[in-house]
Amino acid sequence: MSGPAARPLGAEARAEIARLAGLYEHRQSALLPALFVAQREHGYLTPEALAGVAEALDLPLSEVVSVASFYSLLYLQPVGRHVIQVCTNLACMLNGCGAVVRRFRERLGVAPGGTTADGRFTLRTVECLAACEEAPAVLVDEDRWARVGPDDVDRVLERYP
Amino acid sequence: MTTEPTVRTVTLTIDGRRVTVPAGTTVYQAARAAGIEIPIFCYHDRMPPLGACRMCLVKVDRMGKLQTSCTLPAGDGMVVSTTDPEVIAGQEAILEFLLINHPLDCPICDKGGECPLQDQTFRWGPGRSRFVEAKRDFAKPVSLGPILALDRERCILCWRCVRFGEIIAGDDALKGFERGWVSEINTPFTLPVESKFIGNTIAICPVGALTSRTYRFRARPWDNEPVPSTCTHCGLGCAVWFDVRGGEIVRTRAREAPAVNDVWLCDLGFFGHDYVASGERLTAPMVRRDGRLTEASWEEALDLVATRLRQARDRDPRRVAFLGGRRLSNEDALVAARLFGEVVGTPHRDHRVDAPPGGASLEVAWGLRAPLEEIGRGEVFLLVGCDVTEEYPILWLRMKAAVDRGAALLLLHARRLEVRRHARWERVVRADRLADETVSLAEALERGAAAGSPAAPAVAALAAGRGVHVFVGRFGLDGPGGGAVLAAAARIAARSGGTLHIARGKGNDLGAQRFGVLPGAGGWAAPEILQRAAAGDLDVLYVAGSDPATAVTDRRAWEAARRGVGFLVVHEAFRSATAEVADVVLPALVLPEKDGTVTNLEGRTLPLRAAVRGPGAARGDREIFSLIAARLGALFTYGTGDEGFAALRAAAPGIAPGAVLPVAPVPARSADRTAAPPTGASAGGAALILAPIDHLFTQGATTGRCRGITALAGAPHCLIHPDDAARLGVEPGALVELATEHGAAVLQARVTDATAPGQVLLPRGFDAVAAHALVRWPHAVAEVAVRPLAAVSAGSLP
Amino acid sequence: MATFAMPESILLRWAQTPGMTELEPYREAGGYEAARRVAAGELTPEAVIEALVASGLRGKGGAGFPTGQKWKFIPRNAPVTYVVVNGDEGEPCTFKDRTLLEGCPHLLVEGVLIAALTVGARKAYIYLRREFYRARRTLEAALAQARAAGLVGRGVFGSARDVEIVVHSGAGAYIAGEETALLESLEGRRALPRLRPPFPAQAGLYQRPTLLNNVETLCHVPVILTLGPQRYKDCGPPALFSVSGHVVRPGVYEAPLGVKLRSLIFDYAGGLRPGRRFKAAFPGGSSSMLLTEEYLDVPMDYDSLRVLGSMLGSAAVIVIDDSADMVEVIARTVEFYREESCGKCTPCREGTIWATQVLERILHGRGRPEDLTLLEGIAKGMTGTCFCPLGESVPPSLVASLRHFRDEYERHIAGAARDH
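Chains as they are written, first to last, in my numbering: chain A, 1 to 161; chain B, 162 to 959; chain C, 960 to 1379.
Everything labelled a hint here was simulated from the structure, so no lab data went into it.
All C-beta atoms in this analysis are idealised placements derived from N, C-alpha and C, irrespective of residue type, glycine included.
Check before you lean on any hint, since a few could be wrong.
As the list claims (entries may be wrong) - Covered, in the sense of this in silico footprint (three residues per stretch, anywhere, with C-beta under 8 Å from a C-beta of chain B), are these stretches of chain A: (1) 65–73; (2) 111–118.
Said to hold, decoys possible - List of simulated lysine-lysine pairs, DSBU-like, C-alpha gap at most 35 Å: (3) Lys1219/C <-> Lys1031/C; (4) Lys296/B <-> Lys226/B; (5) Lys1339/C <-> Lys301/B; (6) Lys1219/C <-> Lys1339/C; (7) Lys1192/C <-> Lys1031/C; (8) Lys296/B <-> Lys1082/C; (9) Lys301/B <-> Lys1219/C; (10) Lys1219/C <-> Lys1192/C; (11) Lys1082/C <-> Lys1192/C; (12) Lys1082/C <-> Lys1031/C; (13) Lys1219/C <-> Lys296/B; (14) Lys1031/C <-> Lys226/B.
One chain only, chain A, in its complex shape (with noise of 0.2 Å):
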């Protein structure tokens, strides 16, 4: 079969993704999450890492890049080592969320979407984080911050090395 030679995910990711095969009544379920175990051994999901989670759980490659395609959190190009979302949906930017985003640009020198040279950040506007009484709200990884203003940006970047 042609394609990204499947390049065997690590042991332990196998493991958890044979792991969480398990708990569901048909394995396919357990797709995203394997993606997620799969995305962070690569950093992003390379051709190599698509082709292991398929051969991991027995689907065919077109089926889990099509699907993983389809996510917005599931990463098939190169993202930083750290990955910033600012919200931009109405209550973050009713109170202000554009400042924010242009702060974050002036800083890492990118626009929404892309990475900074040294391979630091990627920045993102995202959709609603259900945080709006925090508005405006930025997700880093997986820290949530709360009403964040221009001037708390290089607070922010600080924490990331």
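Given chain A's structure and the hints, the job is docking chains B and C onto it.
Using the frame of chain A, we list chains B and C on its own:
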């Protein structure tokens, strides 16, 4: 009084017309039954309704919103309108939405003229678009392999192609990627599409998003004359339309045949017609003079052939043998059998040119023992030494539908099948273990399998299922221990109350089998014909509808035969390897140029209609046989149409156009065989064996002259297991030399766990690499050494 | 001005009491008693459902379907039944589920247990949106405590009944909050909505009968069973409103169903920022039709809002004051649906991209007068033609903004005409 089960019906009104349909019918289907046309894109009646395109909206009295008629079950008393102003507004809205990003490609788009989007826009569209923005813009077209061209701008995301791959073919070839307005149909990473059915997606695509590179810019549909005929490649006999333009077949399409291929076709059928118009067609007879083949007149050639036949017949009719039949029509085969059986008087006739001596192929009639429709209703399919998608792809589509209804697919072969994901049980073993494994399975079924044992799932399915179908393929029959494989398969079929099918035979092999191209009393089967020829026992070897130089599974046996025979006559369309060494070559028509019939693997009689005229002075095989018969003093008349058919019916009572005359069930005595003669006394405990194997996209005399098939076939290659590759230092895609004691070949290595460890599989059918030069009768496999070749530093190898 | 005294809550208080994420405090406050009674058979499935019906509880995810009725639809004798919890809170400016998960995960766990025991499910999946990292950690910790105490897993509460609960995170797709799309996502596929019928109650997860409920809905269940339906109704019945946008005190508030929109904004959430005037509000997330000043006294309940052409939806009140440009607000809103559209059906996929292109042109000074009629036309084309509610959510506010704030559109367009 009849006691048929009553079907519950519903009666509804559509546009004022009362329609009564079985309960469960959708409003769309009910409308169609009433002759009311509702526009659709995503709906395809061989797949469950999707409701995605929203084109089929109708107004229903009892429901507030417009409804998609393709998903709505018709309700009793429903009042439906397809002409209400709300419906019209909805249709116009959907078409306007579809067209906002659709490029104005019609003048250069292959789909023009047979395009549902064009047709529906014309009939149901708004007339003008209010869109003034920039249209979505993709690089186009994108090649997804040698055949498929994808135009993402034209795609209206109807999802038909994706669902075809998921539901019908089970190959998941095309998928949707991303979501929302950036959705696109593609293969993963835009790699070449992997499917044997991609021609169907091109056919069902309602726009020009999926097109064939082989047909690109060749014709508008109104330029073509469609000729209904039958595909003669794999032997299933799918119904086709040959689209003819300017005296040439420019395209093949599926023709609906509910009993055989339904509305589908495989890529061998779709793209396997170029050879007919090839410039390499033989147009004049050739006679060998002073060691060289030179053109001759028909008179001269036929006279020469007749003379040699007469001389041989006078000496001893059994010094004449006839080989071939796969590429002959039923009518050709009948006349050939009469010519050689009656006029010449030899019992040595056989179409089974590719069978090895002592192989189980020679012991049992070829063919399916139940019609495809019945197989499609089966609950258990056991495939032994049979790779269904490489050999009979349309048969797989029947199985897939059954699997989706819960049927069990059980696979036992020397290679991993593409369709394994749909299987309930799979065993991949080295060729020399296939017999033992089949016997084990039979024993496990008869004695009961311990829970948790490897065969348990298969035994459970076989024991419980009704509608069991056991298929033995060529690899099983002619491989090591083929007799034992056949016997064990028969035991399994018997024990499970199922049907045993001999999945063997390509082209019109079944027609040759039915109409007498088989050994008569005391006659030699094909391998023996060749061996006797080599021994000098034949004065004339007559070949028609076959290419033994390629097909005989031991190259040296062929070579010895053709050298040993006194006179070799060949009917051929091309200067094949067989023709190259013949004494007389008679230019023959190919099946798409003939009127007549063929017999498919079910034993069904299917029509051939000449789509184009043959080139030059080429003649039909039947005509040639008759001209020779005449020179031998026998007058053959054959009518056309009903008269011609009467002759066939006389030879095979019970045949009728389109109907199955079943092949007789496999005799029980096959089940008695235990020890098999050593057809494949394998290389015993050899570490690495070579096993030739069939694949769909071969490169023979005909398929090698079809651009699409050649592209799909790729370069000659072999399959090596990762363990062996690692041990031998073979990198994926590297060139390797395969060497057996009989010969060597250089080709590309594909490292894959589709083969078993210790076994190199060699797809046969590449003229460039003679698989049959590497093995010797009576063995089907050979011990092999694999040597990776050093990379050429400044080379440009493909 | 009288200071507003917020009524005592009976539901939200669980999430607002410190320490309530832990098992012991929860039990001490009476938690898991209702579940125990169900597990012990003291409360039969029929009694549970009767209580839910009597309470009038309706789904809190947006559709507002009567909960008791939904539970009744699950066939009892199926070999396998599932409970699936919709924790994919993605409706813009809704954050009540997140609040409950982070504040009182045990309340949800108890609701899930009761649901599973009532409909005969032995396995429940809680589908959380992936961005809920804190909520997931809190929930997993609570589940671990509950498992250790024998309240979840094999033989819950010492009964013969098993209820296993698995937490499953999504991967970033708003459409996965639509219940059939959620099932597709939970099965490991693209989150595309399914055709209905069949409904999840008949054929849901893996085509098995499935009870699908929103997080908040299930959190109401233990409260209803503890207080009894009558007292529960007397306390409101309680509804959780997420109030955000241009308000002084954005947050989740528990108020009686039927509370006036004006009260939510000006009493509960502290009103507008100083010097600002009310312009508009979405009463139930951005999928609901926006309401102007004249509708501030509408009771916030399912029927009153429906009659206006809007909806209670996820009860997320988004307040917009006069500092906002409505065209920008609408453009951002439609853009949200464009980004989150699954792409399956024509009108949503094409309508959202087309509408945003027109709105962008207007915002960037290239609008034309006929663009307003065009936007209305696009909205009409998407009305009643989409496969699922996502696409259907776009027209109402777009059309309402063109009706009530046409002058703002015209100002942009006039500016364009002026500049060209």
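Here is how each hint holds up against the structure:
Counting residues of the stretch 65–73 of chain A whose C-beta sits closer than 8 Å to any C-beta of chain B gives 4, which meets the bar of three, so the coverage hint holds. Closer than 8 Å: that is the beta-carbon criterion, and the stretch 111–118 of chain A has 0 residues meeting it against chain B, so the requirement of 3 is violated. Between Lys1219/C and Lys1031/C, the direct Cα distance comes to roughly 32 Å. Compliance with the 35 Å bound is thereby established for this hinted pair. With a CA separation close to 30 Å, the supplied pair Lys296/B and Lys226/B stays within the 35 Å bound.
Distance hint between Lys1339/C and Lys301/B is fulfilled; the C-alpha atoms sit about 33 Å from each other, no more than 35 Å. Restraint check: the Cα-Cα separation between Lys1219/C and Lys1339/C comes to about 31 Å, which is no more than 35 Å; the hinted pair holds. Pair hint Lys1192/C plus Lys1031/C holds up; C-alpha atoms about 21 Å apart against a cutoff of 35 Å. Of the pairs offered as hints, the one joining Lys296/B and Lys1082/C is violated, with about 48 Å between alpha carbons and a cut-off of 35 Å exceeded.
Distance check on the hinted pair: Lys301/B and Lys1219/C sit about 56 Å apart at the alpha-carbon level, beyond 35 Å; violated. For the hint linking Lys1219/C to Lys1192/C, the alpha-carbon distance of about 17 Å falls within 35 Å, and the restraint holds. At roughly 31 Å between alpha-carbon atoms, Lys1082/C and Lys1192/C fall within 35 Å of each other, so this suggested pair holds. Between Lys1082/C and Lys1031/C the CA atoms are separated by roughly 18 Å; this keeps the pair inside 35 Å, and the hint holds.
For the hint pairing Lys1219/C with Lys296/B, the CA-to-CA distance comes to about 45 Å; that exceeds 35 Å, so the pair is violated. For the hint pairing Lys1031/C with Lys226/B, the CA-to-CA distance comes to about 27 Å; that is within 35 Å, so the pair holds.
Violated hints, listed in ascending order, are 2, 8, 9 and 13; each of the other numbered hints is respected by the structure.
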